[in-house]
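**Q** Work out the full structure, taking the sequences as your base and the hints as a guide.
Residue numbers (the numbering used here), protein chains in the order written: chain X, 20 to 385; chain G, 77 to 593.
None of these hints come from the bench; they were simulated from the model. Be careful, since some hints might not be right.
[Stated by the list, open to error] Okay, the calculated beta carbon distance ranges per label pair: (1) GLY373(X) to ARG146(G): 48 to 58 angstroms; (2) THR370(X) to LYS424(G): 54 to 64 angstroms; (3) SER115(G) to THR370(X): 38 to 48 angstroms; (4) LEU272(G) to ALA42(X): 49 to 59 angstroms; (5) LEU64(X) to ARG195(G): 48 to 58 angstroms; (6) LEU52(X) to ARG104(G): 47 to 57 angstroms; (7) LEU64(X) to THR180(G): 44 to 54 angstroms; (8) MET347(X) to GLU492(G): 43 to 53 angstroms; (9) ARG195(G) to TYR372(X): 47 to 57 angstroms; (10) GLN177(G) to ILE151(X): 37 to 47 angstroms; (11) ILE151(X) to ASP400(G): 33 to 43 angstroms; (12) LYS272(X) to ARG165(G): 36 to 46 angstroms.
[Stated by the list, open to error] Just so you have them, the derived chain X footprint on chain G, three or more residues with Cβ under 8 angstroms: (13) 396-410; (14) 450-464.
None of the values given here were measured: they were computed from a predicted structure. By construction, the Cβ of each residue, glycine as well, lies at the ideal position given by its N, Cα and C atoms.
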Amino acid sequence: MADITDTAAPVTSDTVARLKRSAEFVVMPAAALLLSAILFSIFLLILGKSPVQFFELLWRGGFGTWFSWQNTFIRASPLMLTALCVAIPARLGMVVIGGEGALTMGGFAAAAIAIPMISWAPTFLLLGVMVIASAIAGGIWMGIVGAVRHYRGVNETISSLLLFYIAVSILNFFVEGALRDPSDPNKPSTMPIGKENMIGNIPGTDVHWGLIFGILLCIVLYFVMNRTTFGFAARITGGNLRAAQAQGLPVGKLILISCAIAGAAAGLAGFFEIAAIHGKANASLVAGYGFTGILVSFLARHNPLVIIPVAIFLGGIAASGGLIQRRMDLPDATVLVLQGLIFVILLVSETLYGRFAIFRLKEATS
Amino acid sequence: MSIAAADQTQHDPSSKGIGVETLGVTKRFGSLVALDDVSIKVRPGSFHALLGENGAGKSTLVKCIMGVYRPTNGQIMVDGREAVIPNPRAAHALGLGMVYQHFTLVPSLTAAENLVISRANVPGIVNWSREHADLEAFLETTPFKVPLDIPVNGLSAGEKQKLEILKQLYLNQRFLILDEPTSVLTPDEADEILGLLKGLTDSGELTILMITHKFREVTGYADDVTVLRGGQMVGSGAVADLSVEDMSHMMIGDTKLREAAARAETSVPALVVELSGLNADDDEGLPALSDINLKVHAGEVVGIAGVSGNGQSELVEVLSGQRDRSAGQIKVYGANYEPVREKMDRFKVFGLSEEPLHNVAVPSMTVAENIAFRSFDKSPIASLWGWLHPAKMRSQARGLITAYRVKTPSTEEQIENLSGGNVQRAVLARELSGDVDILIVANPCFGLDFASVAEIRAQIMEQRNQGAAVLLIAEDLDEILELADTVAVMLEGEIAYTSPIGDTDRRAIGHAMAGAH
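**A** In structure tokens, the structure reads:
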């Protein structure tokens with residue numbers, strides 16, 4: 020048609036265009052949250068409870084006081100790291116749900132490698148070795164997922180989930196067997212790393228340094244994925260594998276490295292759980308942070324920067340569980356129902372992107 | 077019930093082709109007017125061609141007739157009576173059938189099974205011996221001959237297309253819409269099938285409305301023609317009264333096309349690409365390429381023709397790194413070549429492909445990002461430690477968008493929101509804006525409008541004239557004839573025929589495509 024004679028239409032302002040596109044990514048999850056809240060209110064009404072009281076307590080338990088904020092932050096820090104374990108592979112088009120397994124392996128490796136060192140090593144050396152061990156263990160764990168996906172075509176969602184069960188079994192096997200601390204008769208655990216070796220809190224708070232580390236890692240990985248050639252190549256691979264191959268990109272390497280980074284992040288979450296909370300590895304390590312991290316990452320649309328506030332938000336919901344249980348006589352798991360509801364509605368909202376004209380740029384005339 | 081009634085009229089030898097008429101049909105999708113007051117008349121027992129460029133509204137019109145879309149305004153008349161067609165089932169009940177561009181048969185079932193299951197009222201238990209007898213009797217009444225008892229995936233493309241048509245006749249549809257029915261056929265197969273259809277319309281048993289863009293088929297077989305452009309009916313009449321020039325002028329309007337790409341003489345050719353003993357498997361692990369040997373020289377276009385599905389797509393994938401080869405070598409300037417980024421850059425290897433959004437672009441990334449796929453890891457976009465400079469990426473894109481006339485509201489638009497021609501132009505801008513030594517091109521004009529086709533072919537020819545070695549894989553024989561210096565034909569994963577363009581013609585190539593020697 021007139022294509023050939025016309026010159027290209029004047030290019031509208033890039034900044035406006037980018038803002039308009041971003042608006043959709045804010046409005047859609049917000050609408051999903053609102054709908055979840057409404058449906059959950061109906062659920063509460065059926066139970067004969069007051070939604071108003073619920074959301075008030077949720078606010079108070081998660082964000083109402085300095086005490087609840089600290090509680091929220093403590094839960095948010097592993098969520099940031101496990102959410103990264105979902106977000107980074109997601110940029111390559113992979114849905115990895117086994118962050119809990121990498122967290123478990125990371126925590127277990129940190130606790131296990133500490134055992135022979137506790138008696139003699141200075142704190143900084145011990146913690147340094149533990150950090151490295153947890154990152155490597157988590158990285159290898161997710162690296163396996165990437166490798167079987169790339170070389171054998173095994174679905175990464177299934178393999179990462181199955182590897183989680185294996186990780187828990189490995190933890191239990193050693194904690195109840197060879198590495199069990201005989202001086203603790205109650206709960207099978209490894210030998211404690213000792214109070215003096217624990218990572219301390221941020222001065223003036225009860226929140227450990229994992230929060231700061233989580234925030235920093237989110238920022239660093241945001242720039243890696245969005246402002247480096249590695250991240251760009253990863254996004255091409257995730258957006259269209261055939262296009263990445265046609266550009267001669269090393270697809271296998273990109274998948275392996277991304278999975279290893281993701282696993283290392285979750286493994287470090289395990290390190291902080293050991294070195295800042297539990298002091299030893301036992302079944303308490305498997306607390307569900309890896310699975311809630313999936314929700315965090317999806318809610319943040321796999322954007323590492325957005326993961327920070329979303330992790331705090333969901334950390335707050337989790338933190339309020341106890342208060343809600345006491346005041347409203349609802350089971351602790353009630354907040355899990357809310358989480359599940361948010362996740363399902365969010366996944367549905369994913370399919371609606373691009374359906375609303377208001378977020379579109381002016382149509383190209385063709 | 078209507079189904080029972082339809083069944084009783086099945087195989088009625090006295091049935092006649094039915095006429096269809098649209099009166100002022102308009103179809104809007106939101107603010108887009110896809111059809112604007114279109115009235116066409118297809119006489120009973122005629123062979124009617126529907127011409128038009130991509131996006132002219134041909135598909136929308138036939139979908140309105142078939143009940144896939146409801147017209148916003150206007151009426152559809154079937155056999156002289158106004159018909160309300162809310163869904164495709166209603167269209168079938170009226171005797172309207174459609175043969176799609178791509179096959180809709182179940183590959184693992186036999187022809188007989190495909191025919192029987194296509195009926196609306198398949199009984200829970202099929203009496204196969206009786207069905208077979210019925211089918212044999214039915215085949216006697218048609219000129220199409222297809223083996224009934226082998227699975228459809230063992231049939232040739234021509235036989236499959238015949239079976240698609242047979243299916244419609246078997247369902248007693250007396251008005252057939254054919255959507256580019258010959259696009260997957262060799263010229264000989266196309267002539268045979270269109271000839272048989274022509275016989276059926278001449279005897280008045282059938283009415284045909286055929287969507288096409290091949291003038292050869294219009295002048296050879298159609299009685300009447302209607303031309304659509306930009307959603308409007310711009311011309312109609314008996315084919316005998318119209319010249320090809322008239323029809324092509326109606327189709328493209330007053331737009332000036334670029335001249336057919338001019339071929340410059342190139343000097344002493346140097347061997348650039350050599351494929352030796354190339355083998356590869358398809359997705360099912362069956363051999364798709366066997367022992368491909370091919371040479372491409374500087375300033376030469378080697379055109380690979382062939383019926384779709386004879387290994388061409390696997391060959392492109394092997395050369396562009398999307399498929400592993402099982403044996404053989406790719407040599408570039410005598411050195412071993414692997415399709416990895418570093419070698420693509422060193423030997424200046426570039427590519428164009430059909431359906432770029434599927435093959436070589438990332439739909440969810442922006443136009444600027446897609447244009448930067450070749451340059452994102454090089455200065456000036458990337459600096460030390462792989463740090464990206466998006467502003468430089470955007471400014472590079474702005475320059476190329478202007479130079480290649482890519483119509484986009486912004487560099488930040490997701491590329492999937494652009495029209496097909498503009499996506500291909502963006503890819504062209506990315507792949508052809510630098511020095512090109514080797515160009516691998518696969519059906520680059522597939523699904524594009526005339527203006528884009530002419531422009532893209534001219535660009536390819538320009539690269540050749542500047543000394544690039546071009547490997548052109550195309551299903552469209554016209555494209556090969558226009559661009560190639562050397563023609564090769566692929567048949568069942570092998571190179572079955574090669575010839576300099578001067579020593580061959582459409583007929584010889586067509587025979588080689590069909591496997592006749």
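**Q** Give a verdict on every hint.
**A** A quick look at each hint next to the structure:
Hint check: GLY373(X) to ARG146(G), Cβ distance near 24 angstroms, so the stated range 48 to 58 angstroms is violated. A hinted range of 54 to 64 angstroms is violated for the C-beta pair THR370(X) and LYS424(G), which are about 42 angstroms apart. Range check, SER115(G) to THR370(X): about 39 angstroms between beta-carbon atoms, so the 38 to 48 angstroms window is met. At about 57 angstroms, the beta-carbon gap between LEU272(G) and ALA42(X) stays in the expected band of 49 to 59 angstroms.
About 52 angstroms separates the C-beta atoms of LEU64(X) and ARG195(G), a value consistent with the hinted range of 48 to 58 angstroms. Against the hinted window of 47 to 57 angstroms, the Cβ-Cβ separation of LEU52(X) and ARG104(G) comes to about 36 angstroms, which falls outside the hint. Under the hint 44 to 54 angstroms, the C-beta atoms of LEU64(X) and THR180(G), about 50 angstroms apart, fit the expected range. For MET347(X) and GLU492(G), the Cβ-Cβ distance of about 47 angstroms falls inside the hinted range of 43 to 53 angstroms, so the restraint holds.
Checked against the hint of 47 to 57 angstroms, the pair ARG195(G) and TYR372(X) fails, with Cβ atoms roughly 41 angstroms apart. For the pair GLN177(G) and ILE151(X), the beta carbons lie near 59 angstroms from each other, so the given range of 37 to 47 angstroms is not met. At about 36 angstroms, the CB distance of ILE151(X) to ASP400(G) agrees with the hint of 33 to 43 angstroms. Checking the proposed 36 to 46 angstroms range against LYS272(X) and ARG165(G) shows it is violated: the Cβ atoms sit about 52 angstroms from each other.
Only residues whose beta carbon comes within less than 8 angstroms of a beta carbon in chain X count, and the segment 396-410 of chain G has 3; three or more means the coverage holds. Only residues whose beta carbon comes within less than 8 angstroms of a beta carbon in chain X count, and the segment 450-464 of chain G has 8; three or more means the coverage holds.
In terms of the numbered hints stated before, the structure departs from hints 1, 2, 6, 9, 10 and 12, listed from lowest to highest.
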